[in-house]
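The residues making up each chain are set out below.
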Amino acid sequence: METDILIIGAGPAGLAAAFEMASKGLDVTIVDESITMGGQLNQQTQVIPSLPSSFQSMRGFELAAHLTKQLEEYDIRYLLGHRVIGFYKDGSVGITDEQDVFAVKAKKIIVATGAAENAVAFPKWTLPGVMTIGAAQTMINRDFVQPGKEAVIVGSSDFALDAALQLSEVGVHVKGFIEKNAGILSRDLEKIEQVKKMGIPIYLDSFIKEARGMGAVEEIEIEIGTRVLTEKVDLVCVDGGRSPILDIFYQLGCSFGYQKELGGWVPQYNHQFQTDRQDIFLAGNAAGISTQGVLLVTGMLAGINVCEAVGAITKTIADEEKDFLWKELEILETKYNPNIWEARNRHMENFAHPVIKEQFLS
Amino acid sequence: MDKSTIICRCEEISYEEIEEVLTNGATTFDDIKRLTRCGMGPCQSKICHSLVASMIHEKTNTPYFQIPLPRMRMPLSPIKLETLATNSTSFSSVKSVMDEVELEDGKVR
Amino acid sequence: MHIQHHPILGGQLHKPVTIYFNDQPYKAYEQQTVAAALMANDIKRLGLSRNLVQPRGLFCTRGRCCSCYMTVNGEDHVRTCMVKVEEGMKIYLNDEDPDVRREFCGD
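Residue numbers (the working numbering), protein chains in the order written: chain A, 1 to 362; chain B, 363 to 471; chain C, 472 to 578.
Honestly, I wouldn't trust all of these hints.
As the list claims (entries may be wrong) - Here are the computed lysine to any residue pairs in the SDA-like style, where the Cα-Cα straight-line distance is at most 25 Å:
no.: 1; chain 1: A; residue 1: K149; chain 2: C; residue 2: H473
no.: 2; chain 1: B; residue 1: K442; chain 2: A; residue 2: K260
no.: 3; chain 1: A; residue 1: K175; chain 2: C; residue 2: N512
no.: 4; chain 1: B; residue 1: K442; chain 2: C; residue 2: R516
no.: 5; chain 1: A; residue 1: K89; chain 2: B; residue 2: M434
no.: 6; chain 1: A; residue 1: K357; chain 2: B; residue 2: A447
no.: 7; chain 1: A; residue 1: K180; chain 2: B; residue 2: K442
no.: 8; chain 1: A; residue 1: K232; chain 2: B; residue 2: P440
no.: 9; chain 1: A; residue 1: K89; chain 2: B; residue 2: A447
no.: 10; chain 1: A; residue 1: K260; chain 2: B; residue 2: A447
no.: 11; chain 1: B; residue 1: K442; chain 2: C; residue 2: K486
no.: 12; chain 1: A; residue 1: K209; chain 2: B; residue 2: E374
no.: 13; chain 1: C; residue 1: K486; chain 2: A; residue 2: K105
no.: 14; chain 1: A; residue 1: K105; chain 2: B; residue 2: K421
no.: 15; chain 1: C; residue 1: K486; chain 2: A; residue 2: K89
no.: 16; chain 1: B; residue 1: K442; chain 2: A; residue 2: L80
no.: 17; chain 1: A; residue 1: K89; chain 2: B; residue 2: K365
no.: 18; chain 1: B; residue 1: K421; chain 2: A; residue 2: F207
no.: 19; chain 1: A; residue 1: K89; chain 2: B; residue 2: K442
no.: 20; chain 1: C; residue 1: K561; chain 2: A; residue 2: K180
no.: 21; chain 1: A; residue 1: K357; chain 2: B; residue 2: M363
no.: 22; chain 1: C; residue 1: K555; chain 2: A; residue 2: K209
no.: 23; chain 1: A; residue 1: K260; chain 2: B; residue 2: P440
no.: 24; chain 1: A; residue 1: K197; chain 2: C; residue 2: L480
no.: 25; chain 1: A; residue 1: K209; chain 2: B; residue 2: E378
no.: 26; chain 1: A; residue 1: K232; chain 2: B; residue 2: K365
Calculated directly from the structure, the hints in this document are not laboratory data. Please read these numbers as outputs of a predicted model, since none were measured by experiment.
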C-alpha cells in the first residue's frame, strides 16, 4: 500500500494533524491499534481546560467526537484495529490487521503514539485490583464497569484527581490519596478543593508499605511518616506519571534527548516537529507530555509542516499559520505548565546535539 | 523499598536481584536485562523500564540523562507467528520483517 | 458491577451478550473488553505468573503490560484488555504454559 502521509496514532494530535493535511488535499492514512478514534480522550469525561481558541469548551470524549467528525468530508484511509509492528529496510511500515502483515510506503510519517503510564512498585503491586489510574478511568468511562468498591489512589497529579473524582461519581468509595512527595502535585486548586470537600484525605510523605490479598488486593498498609495505617481496599490506582511511547522512533533510528519535564526521554525534534530522520515528524504526547489543548496544537503544527515539506502549501502561507499556532501553543502551555514550555524550547534548541544518537550500538 | 518487591512483572525479577547486579557493575537497563532476564518477558520492558531507571539512578548516582533507553526490538508488540507468517500474496512477511535482523561487526538491529 | 447509569455518559449498556468463563455463563455487554466484562462479574484474577505462581489481572488496559493474558476461544495469550466480548465467547484462565497442540505442530 502507498500513501502520501501515514499518521501513526489516532489520538488528539494525530487527528488534528490529519485535518490540516487532508484539508490541503493530501492523501492521508491513519493507523491505530484501537477501533475507536480519539485515543485516550474517549474515556476522559472531565471538561478539558484550555483548548485552542478555535475550539469551544468541551469534555474529552466530546473532543474525540468533534475531531473525528471534522474529518468526515475528507477521503482518509483508516487502518483502525491495526498495529505497527516494525519497519522494513526500505523504510516501509510493517502493519498487521491481526490476520496478515503488510507494508505501507509513505512519503512522510507523523508519529503520534502518545504517552504510556509509568508504574509504581510496592510489595505485591502485582495483585489483581492494582492498576494504573488510566486503567481505572477506562473501566468506568469506556467499558462501564466499576473496578472496585473501595479504592486508594497512589499519586496526586491532575490526572489522579480527575480519576478519583470520576471513580467517586460512579459510586467507588475513594479512601485517600497516597503521595510520596511533601506536597500535592496537582496545581488545579479548584479540583483540590473539590477533593477536600468530599472528605478524601491526602496523605503526604507516604507510600504503600505492602498490599495483601488472596487472588486480589484486599488490604494495604500505608506508611505515613512514622505511623502505619491499614485500609481495606479492593482497588489501588497507581499514578507514576507518563512518558512518551518511543518504540517506533527507536526502530526508525531517531535520536533522543532527556527532559524531565517532558516525561523523560523524548525524540529529538526541531521547530518543524521534524525528527533527525528527515521524513519522520512527530506530534502530541510523543513530543513531550502536556495538556490536551497543547497536543492539538502540536498536531496542527506537524500537519502544516508536512504540507509545506511536500509542497502542498507555500512557505508564506505555512509561516503565517505556524506563527499563529506557536503563539497559541505558548499561551496554552505557559498558562498551566511554564516548566514544560521551557523544557520544550530547551529540547528543540538541543536538536543538533542529541544525547542518544547511535542507539543501536551499545 | 522492601527487597522482595517485584520490579519486572513478567519475568518476576525482584528489587534485590537488580540491586545485586548493580552492585556487581551493571550500569544500563540492557546490562541488567542480560544478567537477570529483567524486561525479557511478554511486555518487553514496557512496564519495568522506568522502575529500573529509578533504581539505576538511586544505586549508582547516575543522572537520568546518562541512563540509556532499553533496546526496543521488532515486533513492537506481541504478534501470533501465524499472523507474522501471514497469507500475504505479495511476499513472505516473515522473511521480509525477519531479514531486517542482521549482524555485522557487533552492530545489532 | 456493570455501570447501568453513568452520571455523565448516561445509560449505554444496551446489547447484552453471554460469555463463558471456565464454562460458566456470565453477562457482558457488546462494547466491553473481555477483561472489563470479567471484572464487572467480580472476576479479577485472570491468570498466574509463570515463576512464582502468583495471581495476575488487568493492569494497564492499553495492551502493553500483558498481565491480562487469557485463553480465548482456544487461543492462548490473548491480551483480554484489547479484545471485545462476543456472544458465546469461551474464556479460560492463563494458569500455566500452554500444551503444544499436536494439530498445530506442522509437518
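Against the structure, the hints:
1. A:K149 with C:H473: holds (12 Å)
2. B:K442 with A:K260: Distance of about 36 Å is beyond 25 Å: violated.
3. A:K175 with C:N512: Holds, at about 23 Å.
4. B:K442 with C:R516: At roughly 24 Å apart (the allowed maximum being 25 Å), R516 of chain C and K442 of chain B satisfy the hint.
5. A:K89 with B:M434: Measuring from Cα to Cα gives roughly 16 Å; hence the hint holds.
6. A:K357 with B:A447: violated (33 Å)
7. A:K180 with B:K442: violated (40 Å)
8. A:K232 with B:P440: violated (36 Å)
9. A:K89 with B:A447: holds (18 Å)
10. A:K260 with B:A447: violated (41 Å)
11. B:K442 with C:K486: Not satisfied, since the Cα-Cα distance of roughly 30 Å exceeds 25 Å.
12. A:K209 with B:E374: Between K209 of chain A and E374 of chain B the Cα gap is close to 19 Å, so the pair holds against 25 Å.
13. C:K486 with A:K105: This hinted pair is violated, its Cα atoms lying about 39 Å apart.
14. A:K105 with B:K421: violated (45 Å)
15. C:K486 with A:K89: violated (46 Å)
16. B:K442 with A:L80: holds (18 Å)
17. A:K89 with B:K365: Judged against 25 Å, a Cα distance of about 44 Å means the pair is violated.
18. B:K421 with A:F207: With a Cα-Cα distance of about 20 Å, the restraint between K421 of chain B and F207 of chain A holds, given a limit of 25 Å.
19. A:K89 with B:K442: holds (22 Å)
20. C:K561 with A:K180: violated (42 Å)
21. A:K357 with B:M363: Violated, at about 34 Å.
22. C:K555 with A:K209: violated (36 Å)
23. A:K260 with B:P440: violated (29 Å)
24. A:K197 with C:L480: Roughly 24 Å separates the two Cα atoms, so the pair holds.
25. A:K209 with B:E378: holds (16 Å)
26. A:K232 with B:K365: With a Cα-Cα distance of about 24 Å, the restraint between K232 of chain A and K365 of chain B holds, given a limit of 25 Å.
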